[in-house]
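**Student:** Take a look at the letters that make up each chain.
2 protein chains.
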Amino acid sequence: MSKALIFGHQNPDTDAIVAAKAFAYYQTQMGFDVEAVALGNPNMETNFVLNHFDEPAPRVIKTVANEVDTVMLVDHNEAQQSVSDLDKVMVSHVVDHHRIANFQTDQPLYYRAEPVGCTSTILTEMFDESKIEIPAKLAGLMLSAIISDTLLLQSPTTTDADREAVRALAEISGEDVQSYGIAMLKAGTNLAAKSDKELIDGDAKSFDMAGRSVRIGQINTVDLADVLDRQAGLEKEMQAEMAADGYDLFITLATNVLNSDSEMIVAGEPKSVIEKAFNTTLTDNRASLPGVVSRKKQVVPPLTAAFNA
Amino acid sequence: MSKALIFGHQNPDTDAIVAAKAFAYYQTQMGFDVEAVALGNPNMETNFVLNHFDEPAPRVIKTVANEVDTVMLVDHNEAQQSVSDLDKVMVSHVVDHHRIANFQTDQPLYYRAEPVGCTSTILTEMFDESKIEIPAKLAGLMLSAIISDTLLLQSPTTTDADREAVRALAEISGEDVQSYGIAMLKAGTNLAAKSDKELIDGDAKSFDMAGRSVRIGQINTVDLADVLDRQAGLEKEMQAEMAADGYDLFITLATNVLNSDSEMIVAGEPKSVIEKAFNTTLTDNRASLPGVVSRKKQVVPPLTAAFNA
Numbered sequence: 000m001s002k003a004l005i006f007g008h009q010n011p012d013t014d015a016i017v018a019a020k021a022f023a024y025y026q027t028q029m030g031f032d033v034e035a036v037a038l039g040n041p042n043m044e045t046n047f048v049l050n051h052f053d054e055p056a057p058r059v060i061k062t063v064a065n066e067v068d069t070v071m072l073v074d075h076n077e078a079q080q081s082v083s084d085l086d087k088v089m090v091s092h093v094v095d096h097h098r099i100a101n102f103q104t105d106q107p108l109y110y111r112a113e114p115v116g117c118t119s120t121i122l123t124e125m126f127d128e129s130k131i132e133i134p135a136k137l138a139g140l141m142l143s144a145i146i147s148d149t150l151l152l153q154s155p156t157t158t159d160a161d162r163e164a165v166r167a168l169a170e171i172s173g174e175d176v177q178s179y180g181i182a183m184l185k186a187g188t189n190l191a192a193k194s195d196k197e198l199i200d201g202d203a204k205s206f207d208m209a210g211r212s213v214r215i216g217q218i219n220t221v222d223l224a225d226v227l228d229r230q231a232g233l234e235k236e237m238q239a240e241m242a243a244d245g246y247d248l249f250i251t252l253a254t255n256v257l258n259s260d261s262e263m264i265v266a267g268e269p270k271s272v273i274e275k276a277f278n279t280t281l282t283d284n285r286a287s288l289p290g291v292v293s294r295k296k297q298v299v300p301p302l303t304a305a306f307n308a
Numbered sequence: 000m001s002k003a004l005i006f007g008h009q010n011p012d013t014d015a016i017v018a019a020k021a022f023a024y025y026q027t028q029m030g031f032d033v034e035a036v037a038l039g040n041p042n043m044e045t046n047f048v049l050n051h052f053d054e055p056a057p058r059v060i061k062t063v064a065n066e067v068d069t070v071m072l073v074d075h076n077e078a079q080q081s082v083s084d085l086d087k088v089m090v091s092h093v094v095d096h097h098r099i100a101n102f103q104t105d106q107p108l109y110y111r112a113e114p115v116g117c118t119s120t121i122l123t124e125m126f127d128e129s130k131i132e133i134p135a136k137l138a139g140l141m142l143s144a145i146i147s148d149t150l151l152l153q154s155p156t157t158t159d160a161d162r163e164a165v166r167a168l169a170e171i172s173g174e175d176v177q178s179y180g181i182a183m184l185k186a187g188t189n190l191a192a193k194s195d196k197e198l199i200d201g202d203a204k205s206f207d208m209a210g211r212s213v214r215i216g217q218i219n220t221v222d223l224a225d226v227l228d229r230q231a232g233l234e235k236e237m238q239a240e241m242a243a244d245g246y247d248l249f250i251t252l253a254t255n256v257l258n259s260d261s262e263m264i265v266a267g268e269p270k271s272v273i274e275k276a277f278n279t280t281l282t283d284n285r286a287s288l289p290g291v292v293s294r295k296k297q298v299v300p301p302l303t304a305a306f307n308a
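Chains W and U, in that order, are what the protein sequence lines are.
Residue 0 is where the first sequence starts when you use numbering that gives the first Met the number 0, and the numbers rise one by one after that.
Residue 0 is where the second sequence starts when you use numbering that gives the first Met the number 0, and the numbers rise one by one after that.
A hint or two may mislead.
When chains are identical, the list treats them as one kind, so a pair holds in a single copy or across two.
Simulated crosslink set (SDA-like; lysine to any residue; CA at most 20 Å straight-line) [stated by the list, open to error]: (1) Lys-87 / Arg-98; (2) Lys-296 / Thr-188; (3) Lys-185 / Asp-53; (4) Lys-2 / Pro-114; (5) Lys-130 / Ala-167; (6) Lys-185 / Glu-197; (7) Lys-185 / Val-67.
These are computed hints drawn from the structure, not numbers from a lab.
Just so we're clear, the structure is a prediction, and the values are computed from it rather than from any experiment.
Put together the whole structure using the sequences plus the hints.
**Tutor:** This is how it looks when you write it as structure tokens:
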């Protein structure tokens, strides 16, 4: 067989980049002529991972039919998530952990899907089944992909297979899962690269509650301290926006995606309604909200109720 | 998970029946509550296999949503080959060796496809990977499925994986692949159950060659002797049809599907044109045609050319 390209989905995340590299290594060991490429540049988290393991970023491609007849897909199968000219080539292999939709072939193919948290988990199993040793560096990359997809094994998509793969890959790579994983996820959220204004603007939305204009934003992080250490600057920007846009109340929710806890920073009035809504006391314009992760389901409804009481 | 049904395609062949049974055993060992069923009754070959291993035929079902929420597919994936109400249930697992088409799910699933000769080959690999021992009787059934799909490893779809699975399953089951395989394929063609007239009528077609009406039929077998031993009876029926339907020449081709050789039995005239067409000599109205398997590509063209010369 002539050379085949291997790639993950558009807007690649760490698993899309790493699974392509891992499957390319696997297929090379099996005797195939392949190259791992990508449909976009690595994101901040993936760049952290590649730098950490001194691994080059893959070549970015826009089309495939101009250079190969055959491709192998990882971490996706739906045509609209794939390369634009997928219909012009043969898909010989797929390794994925998503549903199957908008995908079809003319010929029998190799297709391996499992309902687990990460493609790199399936690849870990395949290396084991085929008795191909995973080099330490590649194990570190694959470990990173699983940490990324499962949010350090905390996501509800996590399975026993993911936990077992993480255990095996950590042993091979010698990485400390917890400390490395948090550093990696932190690099992905990369709050340090954003201004106070960018942080509070993020995905903030406005709500009308009993005639008051309430602004609620949310910042995802792996370390609440990274947000709370910047409280003074954040409050200053919140006050500035309240003045400029006429909000009565501005709440910024900092959410730790790893343990599903939040802390809120509040500017404006009436603060008493907030304390009533969440049965808490604001100290230095702040309060903890243990177990709160969803603005839509856990913040807006009690606050609305408290305003209307 | 509640009970799931496992089944192969409509008009089941030996692999469709056996792969369902094998995957049901595998999933039971993995802790799932499953039942192997079928979308139709076993064919003659499969009945031979089930009888040989004293294995009951699976329950035949017409719909699934009336009894389960979840199904697992083997040896097919395209909706039009599957159960009529497939869209009403969740497909949690697929094991198959065909192309993927007209198949989609809402949820991630377990999908295992390989471009090999038989689903039971993939299942043999899965048992090995999961370190689940295959019972001797099941190994015999799976061996039968591979022999069936690959015509005793002679079909061009046969891969090294099929050969390796046959080796392993033969060892476990203790079956002699060649003698058992031929008996099994013979049971599938089951010429004994057909009358001489049924045999020559089979798929016979009429051709006009230089003004002569030429009738050419073909009988597939695993043992040419099964056809040739009945030559007298076959010739008698050929003569009767020639008289009734006005054919000048009647050729019945007996083709050994295992080694791609044919033997022809000829009634009527002109026999000299046949001898010229195939560069052979008819003895007792018969001649060997080594390597001839296709009426369309290897019999009609040279005969037409000889008639027109």
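**Student:** Hint numbers the structure violates, sorted upward?
**Tutor:** 2 and 7
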